[in-house]
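K.L.:
Next come the chains, spelled out residue by residue.
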Amino acid sequence: MLLEVKNLRVHYGKVEAVKGVSLSLRQGQIITLIGANGAGKSSILKAISGLVRPSGGEVLYEGRRIDGQPPNRVVEMGIVNVPEGRRLFKLMTVRENLRLGAYLDRDSRRVADGIEEVFDRFPILREKQHQPSGKLSGGQQQMVAIGRALMARPKVLLMDEPSLGLSPKMIDEIAALIVELRKAGLSIVLVEQNANLALHLADHGYVLETGSIALEGPSDRLLSDPEVARAYLGA
Amino acid sequence: MSDFLQMGLTGVSLGLMYALIAIGLTLIFGVMRIIQYAHGEMFMLGAFVLYYWHAEMGLPYWAGVAVSAVVIFGLGAVLQMVLFKPLHGKNILYSLAVSLGLVLIISGSGQLIFGTTTKGIPSAVSGGVLLGGAYLSYERMVISAVSIALIVALWLFLRRSVTGLAIRAVAEDPDTAALQGIRTGRIHWIAFGLGSAMAAIAGCMMGTLLSIVPTMGFLATIKAFMIVIMGGLGSVVGALVGGMILGMIDSVVTTTISGDIALILSFVVIFLILVFRPSGLFGQNWD
Ligand SMILES: Nc1ncnc2c1ncn2[C@@H]1O[C@H](COP(=O)(O)OP(=O)(O)OP(=O)(O)O)[C@@H](O)[C@H]1O
Ligand SMILES: [Mg+2]
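From first to last, the protein sequence lines stand for chains A and B. Quick note on the working numbering: the first sequence kicks off at 50 and runs consecutively. Quick note on the working numbering: the second sequence kicks off at -3 and runs consecutively.
Hints were generated in silico from the structure; no laboratory data involved. Virtual Cβ for every residue (Gly too), placed ideally from N, Cα, C. Some clues are possibly wrong.
Ranges between beta-carbon positions, derived for each pair [unchecked claim]: (1) A:His179 to B:Thr159: 18 to 24 Å; (2) A:Ser157 to B:Ile109: 45 to 51 Å; (3) A:Gly62 to B:Ala93: 21 to 27 Å.
In silico EDC-like pairs for lysine to aspartate or glutamate, Cα to Cα no more than 20 Å straight-line [stated by the list, open to error]: (4) A:Lys139 to A:Glu65; (5) A:Lys184 to B:Glu52; (6) A:Lys139 to A:Glu125; (7) A:Lys139 to B:Glu135; (8) A:Lys139 to A:Asp156; (9) A:Lys177 to A:Asp156; (10) A:Lys204 to A:Glu265; (11) A:Lys204 to A:Asp116; (12) A:Lys55 to A:Glu265; (13) B:Lys81 to B:Glu135; (14) A:Lys204 to A:Asp162; (15) A:Lys184 to B:Asp256; (16) A:Lys139 to B:Asp169; (17) A:Lys232 to A:Glu166; (18) A:Lys139 to B:Asp171.
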């Protein structure tokens, strides 16, 4: 197993946001976490990234415990987070945002190549590279956010609601990109409120309700589950 | 005409020194979101390091400026790690109380150790040039040039170097900065050290142009805050522009009318700027 979360708990003060969640991600797989607002999806990703300290449970990466490690160590190991709402450095240029994605990379040659690779993937960003990233459209900002994460040359990508606030056309593009990234060998944890999209992309899905997993299984089975259809697919 | 040249150069050199202090303060605020009241004390200590190095021990002036910058960088970094780091993320009132305490401790022990008499730092450059009836000292010109060079160097550092980008990233969004692999704790002490060193260098220059006393930090802090509020919290360009405005008012109005009027006018200008631009000339809206 590449990444394994066992019985994870996250508290904010007295409030328990994640109540013993277990997940597993195999090499080359896409898993998805779906659930309503406030279910605890982002908290799980933040705990994996080391941004919040779990109050219980374990996170294992390639068999080693990584919970309690600071975010820079987690990034160094190859787990990179594309945060909810993109969270670009809006006052900084597109290029500077991409450069920061490779902050830990001491090889300036590889960093320069990485920026070119992102520009090849998203040609519009080459044109806008010197503009403040905050001036870009939502879809372009999502490209920068994903490009910035790819700059770290990750093995695991944690994507928090990449479709949020995007046009249907842009959502299709992001979906195609996710498929492509998986083909390129990345393993992905995809958090989504758009359950239909997420389950079509993922191999395995987890349905989160107020901090606990209510249901899990292969995506096609969840897609045909009447409960899921009623609660999350708007059927 | 000659008077204006004279006042202009005085205003510029004064403004640049104010800007150095204020840029240091705004850097510390931008990255850590704390109000560092003891910033003026770093300015004062920086001047005294140069005083002991150059005036007392007779060692070379410019090396002394560098030593002062390094020593105060170290002091700032240590203060951050020991005092402010444990308070990070807690109520801002805690760090406020600590920095106010530092003001009392540092300026109090400064008076005990350095004595309360006014001292001067002999200058490294002598002579000057008469230009249209105005006497422009080389010292003032060199000091202004050094201030400009430092501000440009800092600006380039923040734009071009990876550490500079990281400083700006932490200032804008610390969590997302951490997700890029940036150790935010390290950026905190670097920014605190750098900001303090800027104040120290300004102290060296002020001590050379005017004179030094252990209580001089207080007014420096007030001026720095006036500038930072005018220019916009966290903005380096704002601090530069704000510094120049304040320097010019101080120079021109003090010479032509009086120092009291200069201070009043400064507050009027700040008030007007804030009426039209509540977050300062170049400010962002910090939440
Ligand atoms: N920093 C915080 N401090 C206190 N409570 C928090 C904090 N972050 C999240 N919470 C709470 O924890 C719970 C889970 O939040 P989380 O952001 O993980 O949910 P989510 O599933 O990602 O929701 P959304 O779909 O809205 O992004 C919510 O009740 C939220 O209010
Ligand atoms: Mg969320």
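K.L.:
Hint by hint, note whether the structure agrees.
P.N.:
We went through each hint and held it up to the structure:
1. A:His179 to B:Thr159: 18 to 24 Å: holds (21 Å)
2. A:Ser157 to B:Ile109: 45 to 51 Å: holds (47 Å)
3. A:Gly62 to B:Ala93: 21 to 27 Å: Holds - the Cβ-Cβ distance for Gly62 of chain A and Ala93 of chain B, about 24 Å, lies within 21 to 27 Å.
4. A:Lys139 to A:Glu65: Between Lys139 of chain A and Glu65 of chain A the Cα gap is close to 32 Å, so the pair fails against 20 Å, i.e. violated.
5. A:Lys184 to B:Glu52: With a Cα-Cα distance of about 55 Å, the restraint between Lys184 of chain A and Glu52 of chain B is violated, given a limit of 20 Å.
6. A:Lys139 to A:Glu125: violated (24 Å)
7. A:Lys139 to B:Glu135: violated (42 Å)
8. A:Lys139 to A:Asp156: violated (26 Å)
9. A:Lys177 to A:Asp156: Roughly 24 Å separates the two Cα atoms, so the pair is violated.
10. A:Lys204 to A:Glu265: Roughly 24 Å separates the two Cα atoms, so the pair is violated.
11. A:Lys204 to A:Asp116: Holds. Lys204 of chain A to Asp116 of chain A sits at ~17 Å (cutoff 20 Å).
12. A:Lys55 to A:Glu265: holds (15 Å)
13. B:Lys81 to B:Glu135: violated (39 Å)
14. A:Lys204 to A:Asp162: holds (18 Å)
15. A:Lys184 to B:Asp256: violated (45 Å)
16. A:Lys139 to B:Asp169: holds (9 Å)
17. A:Lys232 to A:Glu166: Distance of about 16 Å is within 20 Å: holds.
18. A:Lys139 to B:Asp171: The hint holds at about 14 Å.
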